[in-house]
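Undergrad: Quick mapping for you: the protein sequence lines, in order, are chains A and B.
So for the first sequence, our numbering puts the first residue at 1; every next one is plus one.
So for the second sequence, our numbering puts the first residue at 568; every next one is plus one.
Just so you know, these hints were derived from the structure itself, not from any lab.
Remember, predicted model here, so these are calculated numbers, not experimental data.
Hints are not guaranteed to be accurate.
[Unchecked claim] FRET-style restraints, in silico, Cβ to Cβ: (1) A:464 / B:669: 31 to 39 Å; (2) B:661 / A:464: 47 to 55 Å; (3) A:67 / B:823: 33 to 41 Å; (4) A:303 / B:820: 52 to 60 Å; (5) A:28 / B:637: 52 to 60 Å; (6) B:640 / A:546: 44 to 52 Å; (7) A:126 / B:773: 53 to 61 Å; (8) B:716 / A:222: 40 to 48 Å; (9) A:52 / B:688: 55 to 63 Å; (10) A:545 / B:608: 36 to 44 Å.
[Unchecked claim] Think about it this way: if two alpha-carbon atoms lie no more than 20 Å apart in a straight line, the pair counts; the simulated EDC-like pairs of lysine to aspartate or glutamate are: (11) A:507 / A:544; (12) B:771 / B:741; (13) B:684 / A:316; (14) B:613 / A:544; (15) B:810 / B:741; (16) A:507 / A:542; (17) B:583 / B:723; (18) B:616 / A:350; (19) B:810 / B:712; (20) B:684 / B:803; (21) A:507 / A:350; (22) B:616 / A:424; (23) B:810 / B:723; (24) B:795 / B:770; (25) B:618 / A:316; (26) B:653 / B:586; (27) B:653 / A:316; (28) B:771 / B:724.
Just so it is clear, CB atoms sit at the ideal spot from N, CA and C, and this is done for glycine as well.
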Amino acid sequence: MATYAAPIPQVSAHRVEREESGWTSWITTTDHKRIGIMYMVLTFVFFCLGGVEALMIRLQLGAPENTLVTPTTYNQLFTMHGTTMVFLFVVPMMAGLANYFLPLMIGARDMAFPRLNALSFWLLLAGGIVFYASIFWNPPEAGWVSFVPLANATYSPSGGEDAWIYLIHLTGLSSLIGAVNFYVTIANMRARGMSWGRLPLFVWTILTYSVLLILALPVVAAAVTMLLTERHFGTHFFDPTEGGSPILWQHLFWFFGHPEVYIMVLPGFGVISEILPVFARKPIFGYKAIAASTVAIAFLGFLTWAHHMFTAPIPEAILVFVMLSSYLIAVPTGVKILNWIATLWRGTIEFTTPLLFCAGAIAIFLIGGISGVFLATFPIDWQVNETYFVVAHLHFVLLGGAVMPIFAAIYFWFPKITGRMLSEGVGRLSFALIFIGVLTTFLIQHVIGMDGMPRRVYEYPDVGHLALYNLISTVGSFILATGVLVTIVNAWRSLKVGVIAGPDPWKANTLEWFTSSPPAVNNFDVVPLVRSAEPMKDIRREVERRTAGVPSAGGATVPAGATQVGV
Amino acid sequence: MLAFFTPSSGASPNAKEIDSLFKITLVIALVIFFAVEGGLIYALIKFRKRKGAVPAQIHGNTRLEVGWTSAAAIILVGLAVLTFAKLGSIQNPPNSSPGGAALADDNELLSASTERKLPPNGKALEIQVIGRQYIWQFVYPGANEPDGLGAPYSYEELVVPTQTTVSLNIVSEDVVHSWWVPALGGKFQAVPGYHNYTWFKIEKPGIFRGQCAILCGRGHARMIATVKAVPPAAFEAWLANQKRLIAQANAAAHLARAKLSTQTGAGQVENP
């Protein structure tokens, strides 16, 4: 990968405090970049733990009537896997990315509340430690949805369920504090000239993510508090013999749980919207439509929770309403996908690893989006819900909408964080393995589900082709895991031997590439005036104008009559 | 071939209707899938970086945006209309066939819930499905005591007459379970404190397998259900036999209890 060596107007600082080092400096830091790094490293560790749990699940299901793990262990494994991936990986990983890049992208020197920011991280760590400490006693086993009455003290007497409640509370508080912080930072700390119409699309999605968290988290916090008092203090919110209702839990959980899906995938969409234009060398197609569809998805996301409850005894009017609102949400989502393809259209696409991960993410998310329409149609949902069809659907949605974009973000922003490039060759290998792994693992699960295999079963009989299909899925999961491993090795090696990146290795569009890699503690010495949604493009043009149009290394052409921008 | 891509179906009208709705949706979905994935792959290949190529600096196209937004909306409106057209035949049970089991007028059923669907003539064989960790119990009509007790019941295997509309009243005694026999239509949660209803009508004798579809604890995977459809006459005979067996077992248990209480002294075994 060629490094970008064109002159970039940077003012050297006159006096910069020496950066603190040593482990205490990490514990006491309030620097958004260090907190961001800690977030990303920690959540990636949890991703690996959740991945190991997934592999154990797939090993157990690799053969019919397998006795590798006990039913109890199996229930604990999928509960830990689901909870980890949602609460300890995807949501906080997005917070980590936002922590590091949001201030840089809007030209701010830190988050609005740096100490609260540190608090968010440490709350997350505390929640994660308590949750994982439960594996030394009794891990939770009621699934990541903890349906009552199964999750109450009668049917889940172990403390694992309480560890789960504790985790939801702490990570919830962490996310809530973080969300307020992001919102305030975006609202108040943008660079001069960065109007709402020039906000980077990743920042738009983080803004929406924050609003969703602020609206959805109090609901689940209330729900798990009710579960806690139900378990220990004799309340009867969910007990039908005392006038409570188990359906209440489903409503409360999914009123949070469905927006949670968009909390996970919208920032992923933001990453795709940032990376595609860079490597297509074209502006994003329909900036306003993409920003508006983000907000539309978030709004509609609050009207569709009951589509998780189509098989529950709820009135038919609700079934119909929720089916229609769920259909409706497919429209802004489809708009996004078509806008992304239009962004690639007539560009000059450079097949870097971040672009590959983004293209793969779109291809995979589309499958999850389409199977979502089947699930939104409630009579069809009656057949395929709670089977491996849903498992396939949610993994396509989350792998395409969140995990693959996270990998794209890792490859795209690693140079900014570390100052070194990740190896492109190894990156492509990792992409190929992950992409093939996802398709092999999850495509066949649609068929497994339609053949009648429910989810969350520790064993299945050897009827039909179930054994073969499950074996294919298990093999796929190990291909996927190998792909993740390759990226870990890549990152480990590149930290030491990676090509020096320079401030702007990709010739990207947003302000984080204006500063050095890694950025100094104060981020920017001078924050440039923002004239468009792609400030770095303006700056590069200005540089080329001042250097009399000498093309920079990499060979971007300057269109005739380009707007001249003062820095 | 299409069966590879569709859920189990076939034995009951509602399952057949869901299956046909699924197939129509599948065709529409496949067209969209290939069009969009095709467009993505075409763009990636056709517009890859080449020498001398200049990227077009397009910021958007409002007419295109409005166009594909409306197109997406129209497709979904079409799907919604289709679903509503099919909904009646999925939710509303038909009358039993002339060859079905003779059924009494079950008018009391109508008051059970407004959500319960009955055939046009109001006659259906009502069976209560009780979910509990980790076994399904089926209670058939025929209570011989005024408080509703004494009705014949069976575990795991539900025996029903063919050509007869069977109405299921699904309840739970402990945690949430989900009733599901793929060939007989969709799944319905058994929730403590609630009644949930579904129905099926099987034309030909056969055995249909299913299992609990919502995590209900450690034995969830073993909570299986079998529906055995037999001709009406055989069903009547089976039901009578089941009643007899239960009465025998109860009598035997009564004897055993009496024996136990004489051995250990009255009052020591209060409620075995």
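Undergrad: Work down the list of hints and note, for each, if the structure agrees.
TA: These are the hints, each one checked on the structure:
1. With their beta carbons about 37 Å apart, residue 464 (chain A) and residue 669 (chain B) fall inside the hinted range of 31 to 39 Å.
2. Restraint check, residue 661 (chain B) to residue 464 (chain A): a C-beta distance of roughly 30 Å breaks the suggested window 47 to 55 Å.
3. Distance hint check for residue 67 (chain A) and residue 823 (chain B): the Cβ-Cβ separation is about 37 Å, which falls inside the suggested range of 33 to 41 Å.
4. Between residue 303 (chain A) and residue 820 (chain B) the CB atoms are about 54 Å apart, so this pair conforms to the stated range of 52 to 60 Å.
5. Distance hint check: the CB atoms of residue 28 (chain A) and residue 637 (chain B) are about 55 Å apart, consistent with the given range 52 to 60 Å.
6. Take residue 640 (chain B) and residue 546 (chain A): their Cβ atoms lie about 49 Å apart, and the range 44 to 52 Å holds.
7. At roughly 56 Å, the beta-carbon separation of residue 126 (chain A) and residue 773 (chain B) lies within the given 53 to 61 Å, and the hint holds.
8. Judged by the Cβ atoms, the range 40 to 48 Å given for residue 716 (chain B) and residue 222 (chain A) holds: they are separated by roughly 42 Å.
9. Here the CB-CB span from residue 52 (chain A) to residue 688 (chain B) is close to 58 Å, well matched to the stated 55 to 63 Å.
10. Range check, residue 545 (chain A) to residue 608 (chain B): about 38 Å between beta-carbon atoms, so the 36 to 44 Å window is met.
11. For the suggested pair residue 507 (chain A) and residue 544 (chain A), the alpha carbons sit about 13 Å apart, so the restraint of at most 20 Å is met.
12. Under the criterion of a C-alpha separation no larger than 20 Å, the hint pairing residue 771 (chain B) with residue 741 (chain B) is inconsistent with the structure, at around 34 Å.
13. With a C-alpha separation of about 12 Å, the suggested pairing of residue 684 (chain B) with residue 316 (chain A) holds against the 20 Å cut-off.
14. Note on residue 613 (chain B) and residue 544 (chain A): the hinted pairing is violated, with a Cα-Cα distance of about 29 Å set against a maximum of 20 Å.
15. Straight-line distance between C-alpha atoms of residue 810 (chain B) and residue 741 (chain B) comes to about 26 Å, which puts the hinted pair past the 20 Å bound.
16. This hinted pair checks out: residue 507 (chain A) and residue 542 (chain A) have alpha carbons roughly 14 Å apart, not beyond 20 Å.
17. Of the pairs offered as hints, the one joining residue 583 (chain B) and residue 723 (chain B) is violated, with about 24 Å between alpha carbons and a cut-off of 20 Å exceeded.
18. With a C-alpha separation of about 6 Å, the suggested pair residue 616 (chain B) and residue 350 (chain A) falls inside the 20 Å cut-off, and the hint holds.
19. Distance restraint check for residue 810 (chain B) and residue 712 (chain B): the Cα-Cα separation of roughly 13 Å lies within the 20 Å cut-off, and the hinted pair is therefore satisfied.
20. For the hint pairing residue 684 (chain B) with residue 803 (chain B), the CA-to-CA distance comes to about 25 Å; that exceeds 20 Å, so the pair is violated.
21. Of the supplied pair hints, the one linking residue 507 (chain A) and residue 350 (chain A) holds, its CA atoms being roughly 12 Å apart against a limit of 20 Å.
22. The straight-line distance between the Cα atoms of residue 616 (chain B) and residue 424 (chain A) is roughly 17 Å, inside the 20 Å bound, and the hint therefore holds.
23. Taking the CA atoms of residue 810 (chain B) and residue 723 (chain B), the gap is about 17 Å. The hint holds against a cut of 20 Å.
24. For the suggested pair residue 795 (chain B) and residue 770 (chain B), the alpha carbons sit about 12 Å apart, so the restraint of at most 20 Å is met.
25. A distance of roughly 60 Å separates the Cα atoms of residue 618 (chain B) and residue 316 (chain A); the hinted pair therefore is violated under the 20 Å criterion.
26. With a C-alpha separation of about 11 Å, the suggested pairing of residue 653 (chain B) with residue 586 (chain B) holds against the 20 Å cut-off.
27. Under the criterion of a C-alpha separation no larger than 20 Å, the hint pairing residue 653 (chain B) with residue 316 (chain A) is consistent with the structure, at around 15 Å.
28. At most 20 Å may separate the alpha-carbon atoms for a hinted pair to count; residue 771 (chain B) and residue 724 (chain B) meet this at roughly 17 Å.
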